[in-house]
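S.K.: What follows is each chain in one-letter form.
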Amino acid sequence: MLQIAIQQRLGDFALDVAFTAPAGVTAIFGRSGSGKTSVVNAVAGLSDPDAGRIVVADQVLFDRAQRINLPPQRRRVGYVFQDARLFPHMTVARNLSYGGSHDAARVIEVLGLGDLLGRRPAGLSGGERQRVALGRALMSNPQILLMDEPLAALDAPRKAEILPYLARLRDAVQIPILYVSHDVSEVARLATTLVIVDAGRVVANGPVGDVLSRPEAVPLLGVRDAGAVIMTKVAGRLLDDGLTELAFSGGRILLPGSFGKLGDRVRLRIPAQDVILSRTAPTGISALNILPVTITALEQGRGPGVAVGLRAGNDKLLARVTRRSATRMGLAVGQQVYAIIKATAVGPEDVGG
Amino acid sequence: MLQIAIQQRLGDFALDVAFTAPAGVTAIFGRSGSGKTSVVNAVAGLSDPDAGRIVVADQVLFDRAQRINLPPQRRRVGYVFQDARLFPHMTVARNLSYGGSHDAARVIEVLGLGDLLGRRPAGLSGGERQRVALGRALMSNPQILLMDEPLAALDAPRKAEILPYLARLRDAVQIPILYVSHDVSEVARLATTLVIVDAGRVVANGPVGDVLSRPEAVPLLGVRDAGAVIMTKVAGRLLDDGLTELAFSGGRILLPGSFGKLGDRVRLRIPAQDVILSRTAPTGISALNILPVTITALEQGRGPGVAVGLRAGNDKLLARVTRRSATRMGLAVGQQVYAIIKATAVGPEDVGG
Amino acid sequence: MTDMFGPAEWAAIWLSLRVALVAMLGALPLAVWVAFVLARKVFPGRQLLNGLVHLPLVLPPVVTGYLLLVVFGRQGPVGALLYDIFGITLAFRWTGAALAAAIMAFPLMVRAIRLAIEAVDPGLEDAAATLGASKRRIFATVTLPLILPGVLAGAVLGFAKALGEFGATITFVAAIPGQTQTIPSAIYGLLQVPGGEPAVLRLVIVSVVLAMGALMISEWLARRVARRVGR
Amino acid sequence: MTDMFGPAEWAAIWLSLRVALVAMLGALPLAVWVAFVLARKVFPGRQLLNGLVHLPLVLPPVVTGYLLLVVFGRQGPVGALLYDIFGITLAFRWTGAALAAAIMAFPLMVRAIRLAIEAVDPGLEDAAATLGASKRRIFATVTLPLILPGVLAGAVLGFAKALGEFGATITFVAAIPGQTQTIPSAIYGLLQVPGGEPAVLRLVIVSVVLAMGALMISEWLARRVARRVGR
Amino acid sequence: AASLKEPLDALAVEFGDVVVSYGGSGTMARQVALGAPADLVVLANVDWMNVLVDGGHVRPDSIGDVASNDLVMIGAANMADVVLDIAGIGAALGDGRIAAGLTEAVPAGIYAKQALISLGLWEDMADRLAEVDNVRAALALVARGQAPLGIVYATDARVSDGVRVVATFPGGSHQPIRYVAALTRGAVPEAAAFLAFLHGPAGRAAFAGAGFLPPVDSVE
Ligand SMILES: Nc1ncnc2c1ncn2[C@@H]1O[C@H](COP(=O)(O)OP(=O)(O)OP(=O)(O)O)[C@@H](O)[C@H]1O
Ligand SMILES: Nc1ncnc2c1ncn2[C@@H]1O[C@H](COP(=O)(O)OP(=O)(O)OP(=O)(O)O)[C@@H](O)[C@H]1O
Ligand SMILES: [Mg+2]
Ligand SMILES: [Mg+2]
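If you read the protein sequences in the order shown, they are chains V, S, E, G and W. Positions 7 to 359 (my numbering) are the ones given, in order, by the first sequence. Positions 7 to 359 (my numbering) are the ones given, in order, by the second sequence. Positions 44 to 274 (my numbering) are the ones given, in order, by the third sequence. Positions 44 to 274 (my numbering) are the ones given, in order, by the fourth sequence. Positions 3 to 222 (my numbering) are the ones given, in order, by the fifth sequence.
Since the hints were derived computationally from the structure, they do not count as laboratory data. All C-beta atoms in this analysis are idealised placements derived from N, C-alpha and C, irrespective of residue type, glycine included. Among the hints, a few may not be true.
[Stated by the list, open to error] Chain G regions said to be covered by chain V (calculated; three or more residues, Cβ under 8 Å):
id : stretch
1  : 103-114
2  : 171-178
[Stated by the list, open to error] Once the Cα atoms are required to be at most 20 Å apart in a straight line, the calculated EDC-like pairs of lysine to aspartate or glutamate come out as:
id : chain 1 : residue 1 : chain 2 : residue 2
3  : E       : Lys84     : G       : Glu262
4  : V       : Lys267    : V       : Asp247
5  : G       : Lys84     : V       : Asp54
Go ahead and model the full structure; you've got the sequences and the hints to work with.
M.R.: The structure is reproduced here in structure tokens:
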């Protein structure tokens, strides 16, 4: 567990954040210049906050009042910098093993670094560099992992390859991971906790499913990025169709692809924009998932959209419909309707381990 | 118009690309290390290809055979580098005006640089830097604009703010823009032409609507990113609901938000995953857009999905459904079905000017 | 303070300052140019130029002074030309002392500046080129500001060296009080006289103070520049 | 070739090489350390140390030689200590010449290396620190390799200076053939006799060739290093 | 020559409007040969004066000695007198060296070599010398105890309190130590007056005050 409560002035900018990151991934989400990198630097010991305290597990990394301030090398953080910061005079292989060789073979394989080992950073493309930086941090076997937009420079297929690895990592090593990102599907897939910062302050903070499915979070995240996150269990596999059946308190959901073994827990993000509501159970359509739900909230946004809070079993879902639809359908809190979720709309990046 | 045909060896990597970029945005899409930056560098004159020819409008920038090789300063390219490359010793204001002050006020306003003008690059966040770099290139009034993943470091709201500006820019100045990106929604929104490179070669190339709606392009782009792009006209505005009605050859589509004036042409990407197919016209559901379409192709992917080529009027659409649905619904080429498109699923980033 | 030094000593101090300053300032632009050429250009005579620049460092100063006398003396090829055309005499003038000091300081300045140039990210110069800046403008607005700390270091090194130069100077222009007798030659002279030690000590202290002052100013400037550059 | 020089001249050439090499190699680690301290640490005596390092540059070599005599001579505090404890005498030995050359070359080496250190991106050292590397390891594996071109430049500058050093050396250890008579003192001697010019010229050429050789080797090494670093 | 600085400075002040520059004899001779704007040269070495005469840089008719000097052996301030033979020098020297000017280049060194040869000491002492570039450096070596003995001019021995003269080389053991003055080719008329002043009583007095001896032969 990582506890942070710090204040720091950086030029005109004032950082004042406090939050707790439990084991698992804590995503820090916020717009450009909101202070995400500054938080991560403070945890790494690369900048000294003016006041506050940073504790990992039971080790105090920083405490202004007690005058504790461990140097970076004694903090055992793995930091993937926004700019890769590879050592230009070393081969990729030597860069990777600089901090240790923890789990080397797997890291190299998953990140697709095998072919790059003999190369020098100057000859690498932007994405290749970031992958090496990620591998280097992972191989140092850190007690906290700090990732500052590690995947921003990667293409979608490579991202999709690396994300499951990060998810496995998160589950395998019980260490807190601070993950700066502005991609909600990354966040939803990986994060257990979500911290939204704005202008140097924490404006929302809590379990990721919670924060993402709050209708009032929609403007903070951007309309496109809102959506619920639910925990499901692998309940079956339809081999001929290549579909996986996931069970949760509100019913069953069929998704293309196969993830996990029977009984495995799977995290699922259901983007609000991908949920269609219907008053009656539709038939003869290509969408496979039709769930009976109850409307729990209707939140009118500034624009033409309405965020609709839904309860499916004990889980919360979120839908975003146009005001016109909401009016035509006469949506109201407490109403029983059907949520239609297209199996292919929940893309692979919305499914996490 | 920009014509490129070059060969170049870079270490072990061989670049051999040829394509034509008409006025408007030509997106270069490809995975990490595929050679995108190398192409852009050759156009800017920062690297010398071993052979080939680069022509902008009627000016030959490079021709190995004729021994023409204009220096970068005489090529009038605006280059937004993948790493911002701001001048560290100048304020943001001086960085911006380094290459000229073309359209300064508007650039500063749209990119939100007003508050940064007196600052120095060292104090800027990653996203702030990239915005300044973009502004600097724009203000030099170039005859070609080269953008190497200029928005990768930006958060979604800022991206959404900048994209319309780029779209206006594209339409206002009739110059070719080479735009390297790995975000299909950016590409779809901005690009007129799409060039997909892989391992140093062009593997697909053509008008963006064309390339994106080819069912066989789905694996190249990643399943999540495939989708058709259609040109529509603003046909009406439903003010009370905040919706805009867009007309195209296949019918009318209602979208939340207001874009353009009546009669304006609007480019629309309809992601394949967001299209639901139905044998009968459904009623009482929240999705506003139900279009009659004809199935033109069924392409079985490697996974559980099936790409369904659709014709709506004279336009092509693309849907992705599960094999299970395709079987259950008995989908076949030539069949008449209904395409259900959720108004909110086509997010603002899929709508371009 | 004024009492501490006789008029001859004051003359030597002022002369030293003037000679060192003129030598440093005069050599600086050329040093920057040569450093740039050596760092960035590839041309046939590159190693030769490099060697030539370092020559005054390797040769005993007396030899350099003698060569200066041969080349720039009234009867030397360059010296005669300068005299005939411009009426300029260097030999046995403070200008000659400045020339000697400049030549002795030159390799140090070039080296320092060259190192700084080699540390500049060529990517920034590329960026400036795509923005249409001419080579000259790129140099003036990007490269030069970025190497300023190195130029400063080179300037101070050159100034200090010019301040301490003795062998080449005395050989080329002798030690004429008020004309070419700088602090080091004054010290040399005083060492020849009985009871000269206190005066020697005083002049040594002056040298040290001057050099320290130059160092401190340069450090302070370098810090300011560094702050500007955001390091 | 062998005929060109008498045995005394050969002795001077070999001695010069040995003295310059030993001076440079001996001073290098200390120069790197001092440069690092000056570039990266802030401590009270910083400016003082900086000034002290530059002293040999500013003072006339004769004064430096005299100070060496005072400090390292048989009766000097350090000299006496060295003799009593280790039985080491520097007086009139080539080791003394090397010491004098090293001290004269020291400021040049420190400056060059310091510039290189200041050009290293601290972000890389930060990255190494988060990977758990100790300060020492960061220095050895990140900073040092990155400043190698600067260290090389400093080494060559130092070697060249050591090769040309004369004033301090002759004052401290005289010019004893085979022991302390380096090329510059041989040249000086020859210059003082009427008709010594041809011999002077030969020795000057040797100096130039040696220095050029050192320069070329260092340029070549620097290029190799630069390629490794991917510049 | 540099060793003349003390009396010449004094004489220049007395005469007024004279600028004195000093340096090693070789250096100065070369400077004059290459057009130094000097009117009068005073050298500690007859050979270099001959070079200037041969080159036509000085007026042969103006050449004349202004002073002479003795060559002495110096030791530490507390050292007893030394007998100038192998045993005497050897005892004083121990395993140390004799500081002297460059025996091939610096006038004081050249005289020292002549003296040692004529006293039959050269064979034994040649490799016990520590040759330096100027007399003052030799003095410093002795004063700092680096070298037990040194060979310098009598005038130099006065410069330092740390040394004393332990022996004087007999006048006949080396060429006379002559300080030769001459007017240069382009000398201004006032220079002749100053030269005469040097040769005159005021000159004599100043040189004597600085420990120099009268000229070996006087200009007629
Ligand atoms: N050393 C500094 N001096 C002055 N201002 C600074 C300094 N460091 C950071 N800032 C400012 O603090 C703010 C937060 O910066 P930070 O790098 O933490 O943002 P970020 O959230 O990581 O943004 P991005 O997503 O663009 O990387 C920015 O406005 C930045 O300009
Ligand atoms: N100077 C060079 N020497 C050796 N290899 C090079 C050099 N420059 C580029 N390459 C290689 O060429 C390939 C293409 O690089 P490029 O930077 O063009 O990729 P990219 O498509 O821009 O990737 P990214 O999306 O990660 O930025 C990479 O494999 C890279 O390692
Ligand atoms: Mg950041
Ligand atoms: Mg790239």
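S.K.: None of the hints should be skipped; say for each whether it holds.
M.R.: Tested hints:
Only residues whose beta carbon comes within less than 8 Å of a beta carbon in chain V count, and the stretch 103-114 of chain G has 0; fewer than three means the coverage is violated. Interface restraint, the stretch 171-178 of chain G with chain V: holds (8 residues with C-beta to C-beta distance below 8 Å; minimum three). Restraint check for E/Lys84 and G/Glu262: the C-alpha separation of about 14 Å stays at or below 20 Å, so the hint holds. For the suggested pair V/Lys267 and V/Asp247, the alpha carbons sit about 17 Å apart, so the restraint of at most 20 Å is met.
The suggested pairing of G/Lys84 with V/Asp54 holds, with an alpha-carbon distance near 17 Å, which does not exceed 20 Å.
Hint compliance for this structure: hint 1 is the single one not met.
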